[in-house]
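Visitor: For this one, chain A is given, so just place chain B on it according to the hints.
In order, the protein sequences belong to chains A and B.
When the count follows the numbering used here, it moves up by one through the first sequence with no breaks and lands on 777 for the last residue.
When the count follows the numbering used here, it moves up by one through the second sequence with no breaks and lands on 1179 for the last residue.
Rather than coming from a laboratory, the hints here were simulated on the basis of the structure.
Do not rely on the hints blindly, as some may be mistaken.
Claimed, not checked - FRET-style restraints, in silico, Cβ to Cβ:
hint : chain 1 : residue 1 : chain 2 : residue 2 : range
1    : A       : ALA701    : B       : LYS1176   : 48 to 58 Å
2    : B       : GLY1051   : A       : GLN209    : 29 to 39 Å
3    : A       : ALA144    : B       : ARG1069   : 53 to 63 Å
4    : B       : ALA1148   : A       : ALA705    : 32 to 42 Å
5    : B       : GLU1043   : A       : ILE149    : 25 to 35 Å
6    : B       : SER1129   : A       : ILE149    : 34 to 44 Å
7    : A       : HIS757    : B       : SER1110   : 29 to 39 Å
To be verified - 25 Å max Cα-Cα, derived SDA-like pairs, lysine to any residue:
hint : chain 1 : residue 1 : chain 2 : residue 2
8    : B       : LYS1083   : A       : GLY385
9    : A       : LYS175    : A       : GLY385
10   : B       : LYS1002   : A       : ASP115
Cβ atoms here follow ideal geometry from the backbone N, Cα and C, with glycine treated the same way.
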Amino acid sequence: MAVVPKFVGARIKRREDPRLISGTATYVDDVRLPGTLSAVVLRSPHPHARINSIDAAAARSAPGVVAVLTGEELKGKVGGIPCVAPAEHIPFHPLLAQGKVRFVGESVAVVVATDAYKAQDAADLIEVDYDPLNAVSDPEQALADDAPILHEEFGNNLVTRALIPNPAVDEAMAKADRVVKFRIKNQRLAPVPMEPRGVLAQWHQANGQLTVWTSTQIPHLLRSALAAVLSLPENRVRVIAPEVGGGFGAKLNFYREEALIAHLSRMLGQPVKWIERRRENLATTTHGRDQITYLEVPVKNDGTVLAIKAKFICDMGAYLQLLTPAIPGFSGLMMTGCYKIPAMSFEQVMVFTNKMATDAYRGAGRPEAAYIAERTMDMVAAELGLDPVAVRRRNFIPKEAFPYVTCAGLVYDSGDYDAALTKALEIVDYPKARAEQAEALKHGRYIGIGVASYVEICGIGPSVMLPPKVPGWESATVRMEPDSRVTVLTGISPHGQGQETTFAQMAADAFGVDIDDVTVVHGDTAIVQYGVGTFGSRGLSVGGTALMMSVGKLQDKLKKIASTMMEAPPDQLTFTNRTVALQSDTTKAIPLQAVVDAAYGWKMPIPGMEPGLDATSVFEPSGCTFPFGTHVAVVEVDPETGVVKFLRYVAVDDCGNIISPLLVAGQVHGGIAQGIAQALYEEVVYDENGQLVTATLMDYAAPRAQMLPHYELAHTVTPSPLNPMGVKGVGEAGTIGSTPCMVNAVMDALKPLGVRHIDMPLRPEKLWRAFKDAKKA
Amino acid sequence: MKITGERTMPAPRRRVWDLFNDPDRLARLIPGCEKLEKLAPDEFSGTINVGIAAVKGSYAGKLKLDDIRPPEHYKMIVDGKGKQGFMRGTGVLDLAPRDGDPNQTVVKYSGDVQLGGPLMQVGQRLIDSAANMLMGQFFSAAEAELKAEAAGEVARQGFFINLWRQLLYLIRSFFKRAN
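Excised from the complex, chain A in its bound form:
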């Protein structure tokens, strides 16, 4: 008789939340060390300018000022910020601008003073003599002959050009009844974590050690990068990610300030702290998306899609951050979505512009891909006069085809796309919704129904999927302490995902203990074994598998010891109610504590066995998982105001087996919010001169609760064969499904006007204009 899991699959409230909602969590700014100095960064108001001179004399002698540094003074002392993704042109990325500034907000100098106010006052006294240069903010103009060049050494603004040709695409064009052509844009977005970035560095002169507290998703990778930039041995650098108030990919990075503040602490022999302000956050924390795609889609009149051909213009910004040029690759590879499209080809042109760098943002390349695939389905349907649902069904990969190798060479692990679509349509009552839509139109009401069936890459991933120095494996150590409590040390670094809950659920069930007997430790490189981090919806599928490997090792050891004490074979034992028991009769049991006592060597029954209960494992997945689902939205657009009103929002997500239903719901909720925000509200705007227009939260439209619908959530369950839990990942799914779903819904509402496509965000003004133009015509 197998023991029924008590915690896995149960609706467990997040164990992290009490401290988060009671204000007792410790973020970087809450860490207070005696004698800490404050740093303020002086930033460029110009998008592109030569620095003639910097006069910091007045700042240096201002009250409370300890140090002022400029880019020239850092030359030869520290390295630059690395980009590990391959690209044709990777410029030197200094900690403070050298000779030129290339985007608004670029760090030019740093002032360290006894407090942040004095540092700011002193920063105001620095005179920088700039020679303004022409700037380029439109990526399509960046490669023009007369475009201003950001990095002169390259002779142009090209970062890299990726070309995946395929002659089968041209053959498909020739065979097609029609070729649907359109241009779409995934606009630039700001990730806006609740907690901006922040760094506290403490140099220990006595033993040449550096401790850095920073708001990051990747403490171990950051330790390696910091050690390299500062020329320190890696075992003398400790990185701590305390409570991290959201990252969304923006903290999957290594920033100038992280190296700068560490360098300053080493230079001054005192702790130095820098906390990012919201305006700095919007200007100098990585942005996401910013891809323009030109599509050509050959189709048959019955809706069969024969191929997809795409040209991408990708705006990388002024410098390359850790993974900047790697992100668009995911968009290209995933743009065939859940469809058995036999051929694809693409060209990606990545360019420098006078803007902040783009990099990973929740979904990182896959939201763009899902947007391409799902807008394609609706454009094909509109072109051929077919129902968008029918076009999807005609092209779906059938469930018998898994594991399925796509035309891009990806191996989809498992899936049943029609099941998720069918379930979503049932919940929304699709035929009835269509009838209501037609009826409403007779009364001048514009209702739209949008469908998006997405598939995405999670559980990233095998190391070959990622650039060098960002491996795809993950680590976990499990310890059973002498009092039989369990400590889990995970290499991932959760920052809102809730693995302190899910990992405790899994470990508690595995050892038959209470969830409160498990402590999950993460985010400190001096305590936790080397790990990779939290991104790409990998925490559970990769980090959780490493955890279960270590759990298994300890279970084996405990069973071996128990078997000598119980005189039963180890493989007939199980863990339940803090005992080790016979599987066949759990009343025949000995206390877990007795076995733990034995393991710690006080009464070791197995001669020669290594005492202690501690196991470390590393899991390198053999492939990525591919979660999927269908979102359906019903909206009404007001022709007088252009405002979108939500009538229904149904999300059917398939993330494989579910360990923690409440956490899955939370991830889906947050993801949908950010995805709808892209569809309707958010956009980072630089004007034609390169000035950042959306520099405050008054101007950047991050959504508030009343700007979002009520979510109706459901699931289908298609386990992944790639990990023992059969999980897929759900951290980004909501973002990926919701953006095309919402745009499809609004475009469906505008269909009677003859409008096929409007670029995001679908702000009321744009929709109001569409109605106005239609009236005129």
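Guide: Frame of chain A, contents of chain B only:
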């Protein structure tokens, strides 16, 4: 940011031209102007104090005149900066007698200004209306100055009185349009 507009001044063209070239009097008319000095016949330097939304600050800069054709036309090149950002741009001023009334002068202005720094980032939603308001205040001040000059008096100038004058001007224009 592009600024364009026109305003009728109650004086012959020559007198308006003289006023617009006199740094001492201009300093009194420009809202927030703390200092204006003539460095050369076609070059001025000055300091002006402007507050837009939460971004208040003083800006020091240079103003160069070009393409001068008295008494009808000049081009200005402005380059100023302060703690809260910078402004750079060009403007063109054209003076013409009003049709059938040489005692009135139509002043047409157009400019293209680039802003940067917090001034731009925090204030940009308000910059267009702020710029229009400041231009308006300037012309209301100039109007009062020219009227007083004709009457042999010295006009009172100051930020609040010119704000009030501008308000009266807007109310008058509104009723004129309404009629």
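Visitor: It remains to establish, for every hint, whether it holds in the given structure.
Guide: Structure-based check of all given hints:
no.	hint	result
1	A:ALA701 with B:LYS1176: 48 to 58 Å	violated (39 Å)
2	B:GLY1051 with A:GLN209: 29 to 39 Å	violated (49 Å)
3	A:ALA144 with B:ARG1069: 53 to 63 Å	violated (36 Å)
4	B:ALA1148 with A:ALA705: 32 to 42 Å	violated (58 Å)
5	B:GLU1043 with A:ILE149: 25 to 35 Å	holds (33 Å)
6	B:SER1129 with A:ILE149: 34 to 44 Å	holds (37 Å)
7	A:HIS757 with B:SER1110: 29 to 39 Å	holds (36 Å)
8	B:LYS1083 with A:GLY385	violated (59 Å)
9	A:LYS175 with A:GLY385	holds (20 Å)
10	B:LYS1002 with A:ASP115	violated (41 Å)
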